[in-house]
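A.B. asks: Dock chain B against the given chain A, drawing on the hints supplied.
Heads up: the sequence lines are chains A and B, in that order. My numbering puts the first sequence at residues 17 to 336. My numbering puts the second sequence at residues 17 to 336.
A hint or two may mislead.
Copies of the same chain look alike in the list, so a pair counts if it fits in one copy or across any two.
No more than 27 angstroms apart at the CA atoms, straight line, and that leaves these computed lysine-lysine pairs for DSSO-like [stated by the list, open to error]:
| # | residue 1 | residue 2 |
| --- | --- | --- |
| 1 | K128 | K104 |
| 2 | K261 | K251 |
| 3 | K123 | K104 |
| 4 | K291 | K95 |
Don't read these hints as lab results, they were simulated from the structure. Remember, predicted model here, so these are calculated numbers, not experimental data.
Protein chains: 2
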Amino acid sequence: MTNRVCDLLDIEHPILQGGMSWVSDAFLAAAVSNAGGLGTIGAGAMPAELLREEIRKARELTTRPFAVNLIMINPEFEKQVQVLLEEKPPVVTLGAVQSTAVIRLLKEQGIKVLPVVAAVAIARRAEEHGADAIIAEGSEAGGHIGETTTMVLTPLVSRAVEVPVIAAGGIANGAALVAAFVLGAEGVQMGTRFVCAEECTVHEAVKEKFRKSGDRATVVTARSIGYPVRTIRNKLAGEYAEWEKKYLAGECTAMEVENLGLGKLREAMREGNVKSGSLMAGQSVALVERVQPAAAIIGEVIAEAEQVAASLPSRLVLSR
Amino acid sequence: MTNRVCDLLDIEHPILQGGMSWVSDAFLAAAVSNAGGLGTIGAGAMPAELLREEIRKARELTTRPFAVNLIMINPEFEKQVQVLLEEKPPVVTLGAVQSTAVIRLLKEQGIKVLPVVAAVAIARRAEEHGADAIIAEGSEAGGHIGETTTMVLTPLVSRAVEVPVIAAGGIANGAALVAAFVLGAEGVQMGTRFVCAEECTVHEAVKEKFRKSGDRATVVTARSIGYPVRTIRNKLAGEYAEWEKKYLAGECTAMEVENLGLGKLREAMREGNVKSGSLMAGQSVALVERVQPAAAIIGEVIAEAEQVAASLPSRLVLSR
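Okay, chain A solo, but in the shape it has when bound (with noise of 0.2 angstroms):
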């Protein structure tokens, strides 16, 4: 018995980090790696030449397969995937890319290629690209979403491709794990858990902020202007329901609407401003509960996934 996941990607365990801009560098992905999941460097706006140097810190941190995760819209991009070819990560997930030029690229240089999606057809169109697994991202994870719910959208992807599902959105711990496997993925994706990694090196008090959030935690700004974000709920969160009124309203751009996020993420992860900083996390914030080390993290999830997986037969009585 094989798993499709550790296969392609050469991991001990179908689970990988999510890439998260200012959150996962070469430290926290080499962590992971180690650990025998896969760890993913967030390029986000990175300049081109930090996103070479992180490239380069990871394979000095670890042997094993990483990851370096693009987000197209943001004007370095091009730059990035200069590097990228240059470079030649073993794979590289695709956030908000539906470029086949770009999947192709990175394919000829032998670098696997995950894009991360939130429908169905964009799904279809990615494995039709060449994509070598689906990333399928419900809407309770962290940062931009989709609609589409892990529960609802980890079946569909699953029986709409060929290529290995990976499902990620409300993933943080064991139960999760098998629970989308039962819907059908082969690997899960795990950002906001991997926030309270020890080795994540964003501000002590965003960790702090993460382990006692609960299930009313999150919500989602700038749904109004399309680029709809899951967040802690702060003051920022606040302010850009304000703005969002005076967009439908007329009173202002999306544009002024997009930049009250400029520059917050950086100051909520590395400065530690969770009052007025853009916390990115997923709903699943409500499950992280301490700070670990990444392979505690990993080694946690999978026994307890094989504990809940031997369990269910008892559990599981559908008739009396």
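C.D. replies: Below, chain B alone, put in the same frame as chain A:
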């Protein structure tokens, strides 16, 4: 091995049919109960005496237990409660009801009371107030919804209360049922799938619309006025968006937005006006493919669940 939901409700399979105003009448409820699930009459804004007739009709059509779903926010509510105290249906599910007094009164008549909740704190309070089980409804559900998805809400509520948890939202097949159990539920509630039961008396155009809907079919309206409702995207949903803009711009009242929906659910469900009516549906509408008798739906979901669970050990390969 027993199932607490089956034992509590005296039913064969731990599948509840969600109460749906203008959709689930005595005829559908009895069909589901006769098939071994728990059918539910959706009382909605039904006049109290009509509700009494529906309960009596259900009793003629089945000897098995069934439920009535009450929604507190309607003018008939107190009279409806009076009818329930007199007619004593075996089970009452409570949407948007947080009244200790009502729960106590119903329980004094031997009625099992199951609140439908969308947040952990409300689940805890409902248990304190004597709830026999909790229906935890994720944001992918149809109609009036909360913000937390089934993937995250189910484990959080399951660990917060001692009584059994029934997962709702996004559940339309056997795989989703197993996923819900993996996440801590001991039963599931399905609404959307039962709209396409043969015994469901909605207009045929509604069933056709449901069968043809995909993953982007639903949309949430009225979020801006604090009462989010999930429906299938149509002309009415577009009008909501326009009026919500006006509301946010201070150009109309919340009441004016709410009034857009007046009579629209009936118009969609009974008259088949799928363009301008309120087509409440969950995201799982994308998983509903055909019209079947209620007994076939329950039989298929149970068989699928058993199959998915049986194949899990061979698919859940977590290490190389």
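A.B. asks: Each hint needs a verdict: does it hold in this structure or not?
C.D. replies: We went through each hint and held it up to the structure:
1. K128 to K104: Result: close within a single copy only, 10 angstroms intra versus 62 angstroms inter.
2. K261 to K251: both (16 angstroms within a copy, 23 angstroms between copies)
3. K123 to K104: Within one copy only: 10 angstroms inside a chain, 66 angstroms across chains, cut-off 27 angstroms.
4. K291 to K95: Neither way: K291 and K95 sit 33 angstroms apart in one copy and 47 angstroms across, limit 27 angstroms.
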